[in-house]
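Participant: Listed here are the chains, written in short residue letters.
There are 2 protein chains.
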Amino acid sequence: MIAMLRWKAERSVGGLFKKWTLNPNSSVRRFRNNSSRSENHRRHHIIRSPPLLSLDILDAWPANSTHYDPSPSPSSAHCNDKWTARLIDGKSMAEKIQAEIASEVTNMKESIRKVPGLAVILVGERKDSLAYVRNKRIACEEAGIRFVLKELPVSCTEDEVTDALLCFNKDSSIHGILVQLPLPMHLNEEKILNELSLEKDVDGFHPLNIGNLAMIGREPLFIPCTPKGCIELLIRSGVEISGKKAVVIGRSNIVGLPTSLLLQRHHATVSTIHAITDNPEEITRQADILVSAVGVPNLVRGSWLKPGAVVIDVGTFPIKDPNNINGYRLMGDVCMEEAVLVASAITPVPGGVGPMTIAMLLSNTLDAAKRSYNFH
Amino acid sequence: MIAMLRWKAERSVGGLFKKWTLNPNSSVRRFRNNSSRSENHRRHHIIRSPPLLSLDILDAWPANSTHYDPSPSPSSAHCNDKWTARLIDGKSMAEKIQAEIASEVTNMKESIRKVPGLAVILVGERKDSLAYVRNKRIACEEAGIRFVLKELPVSCTEDEVTDALLCFNKDSSIHGILVQLPLPMHLNEEKILNELSLEKDVDGFHPLNIGNLAMIGREPLFIPCTPKGCIELLIRSGVEISGKKAVVIGRSNIVGLPTSLLLQRHHATVSTIHAITDNPEEITRQADILVSAVGVPNLVRGSWLKPGAVVIDVGTFPIKDPNNINGYRLMGDVCMEEAVLVASAITPVPGGVGPMTIAMLLSNTLDAAKRSYNFH
Chain A
6 MIAMLRWKAE RSVGGLFKKW TLNPNSSVRR FRNNSSRSEN HRRHHIIRSP PLLSLDILDA
66 WPANSTHYDP SPSPSSAHCN DKWTARLIDG KSMAEKIQAE IASEVTNMKE SIRKVPGLAV
126 ILVGERKDSL AYVRNKRIAC EEAGIRFVLK ELPVSCTEDE VTDALLCFNK DSSIHGILVQ
186 LPLPMHLNEE KILNELSLEK DVDGFHPLNI GNLAMIGREP LFIPCTPKGC IELLIRSGVE
246 ISGKKAVVIG RSNIVGLPTS LLLQRHHATV STIHAITDNP EEITRQADIL VSAVGVPNLV
306 RGSWLKPGAV VIDVGTFPIK DPNNINGYRL MGDVCMEEAV LVASAITPVP GGVGPMTIAM
366 LLSNTLDAAK RSYNFH
Chain B
6 MIAMLRWKAE RSVGGLFKKW TLNPNSSVRR FRNNSSRSEN HRRHHIIRSP PLLSLDILDA
66 WPANSTHYDP SPSPSSAHCN DKWTARLIDG KSMAEKIQAE IASEVTNMKE SIRKVPGLAV
126 ILVGERKDSL AYVRNKRIAC EEAGIRFVLK ELPVSCTEDE VTDALLCFNK DSSIHGILVQ
186 LPLPMHLNEE KILNELSLEK DVDGFHPLNI GNLAMIGREP LFIPCTPKGC IELLIRSGVE
246 ISGKKAVVIG RSNIVGLPTS LLLQRHHATV STIHAITDNP EEITRQADIL VSAVGVPNLV
306 RGSWLKPGAV VIDVGTFPIK DPNNINGYRL MGDVCMEEAV LVASAITPVP GGVGPMTIAM
366 LLSNTLDAAK RSYNFH
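Taken in order, these protein sequences are the chains called A and B.
Following the numbering used here, the numbering of the first sequence begins with 6 at its first residue and continues without gaps.
Following the numbering used here, the numbering of the second sequence begins with 6 at its first residue and continues without gaps.
Bear in mind the hints are in silico, worked out from the structure with no lab data behind them.
Just so you know, not all the hints are guaranteed correct.
Note that the list lumps identical chains together, so a pair holds whenever it fits in one copy or between two copies.
Unchecked claim - No more than 20 Å apart at the CA atoms, straight line, and that leaves these computed lysine to aspartate or glutamate pairs for EDC-like: (1) K311 - E286; (2) K311 - D283; (3) K311 - E287; (4) K175 - E156; (5) K196 - E224; (6) K375 - D326.
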């Protein structure tokens, strides 16, 4: 009888919301407080748009969060532990694509005596940024794409960055421009990126581009490189996307969001998980295709996966490793040793999505040059 | 042993994809054929963006599709059939909002001797469009918003529509413009809408606006009216969105997509279902908040709902009804008599989302006028 009453109470509206009360110690609490402020604000300005958009909160996924459970994964324990998932070799796929791009660049050069040009603006001397830029330079040079680097000191002004950018905007031999992120804190990233010519935005991060990616019947000028790399990995691995359940972990502007939008354009049924999601593993266990892009090592355990799922690991997190020549090694979001026992195919870290991202940057730069010269 | 082998085969990549083979008689087949063409196309132009975007396919939800099951719903049969969901009264909420807008308009008029102005371009004499425009006119007049209607004959040219639009773009007493859709087939809707001044796009359908709605840290000038109305309904009904599982049925540019994006900005965990989704009811049964926007009467049965879910029914489908003064009545996507036994709260059709959409149009027009006059 008591159970029945409780059941009925929980089904009443009040009960429903009481059940939904969130843990006051979690990061969500900050949001709830903000939300209350927003609520007060809304009462006075009820018809203004911003509160309806809700407040932005940091998608914090601490490694010691409740999502991270270092205990053995139950589902992998039940698996046939001799069976291993196929590794999706992003490195060799990227090399193949880069060779195809190189061939197209040669063709362009022979036909119209032009080559694509990519300009990179690098502010400061962050080690990781220097490494990323070096990789981009090598890839461009191998593909015959002109690479121009503008280096600015960490103390430079916003105007100096913008001036460099406007200069590349005007340069007709430059078809793609990217500002290596993150910028030093004193520079307004959004303001600077807004100056970037849409036709040269090879990163595809402009809101107009994202809007065109989201909308049926529209086409963006560029698909952001990492999401484009993920889809290429799936397509080239023979993974059918249409009609499949896809789950994306993370909703960042540069990976999670555009990957969800792109998967939806490919007619997957997409769910997007973020740091506020309760029991994310309940949702990931339904995924035929799982893309994780949050940068939390081992967040995704074997128990999070549906047997036979295809797993794309976008996470890269540097872990100190004295045995490695660089002094560190990269770890993905997915616990590899457990996942290979459950998934049907999986990308390694490194050597999965990373090389494909650079290949897609070259691909976008080539596309931009072709458009610019009306060369097809 | 055989079972074990089959299990292993199904978990191999080949088996996985064999299992995923789609019904050749379904509408999906058309897409698969297109997909093969796309695949061929891709082989030759592997690094061009468009194929990666996937092909657009019609989200056809025929009423006699497999999703429509006229048999009694098992879950509702198991419910306490005396218990009914709370009706979310969109009509009275909209009236309240419109009264608040009217008060703000009066305030604006007294302070700066200006009122907001909304212009509507109506091409042809479709009965439904005439009715929608009439409702908008009445709502504007009641709120003190100036309403200007430009009527054009069904045979008019694209230039005539664009000229009318450009004229309103320039008119400083007009702060919101909308082109009543659908336009006759001979007119290019996208081309016409692209001419609309962003600052007056009170429908919020411009890709730049949708991109800003999608991206964390960005703000659109306008939230599309129906999605904004859905969120207002939830907020004003005291429904917590953050951390909840939300499912949106439909991914149209004007309702499904922006509603998913807006719910995600409110920190719901969002899944978007479309006509290619297998077993949509498996996904909807997990939803704390369900928004349906496809226009298929009774698509959502009681068995599709999680007990205690909040249901927002955006569907409107006219059904002949000689007893009704208009000769027809509107039906939503949700089977109301079953849903009220399972849900905790639900919007009726009519009288739910519809009136809120008009209220949000007035709200967006008021916002546009405030921005234009820098009046807050």
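Participant: Starting from the hint list further up, note which numbers the structure goes against and sort them upward.
Facilitator: Hint check: 6 fails alone, others pass.
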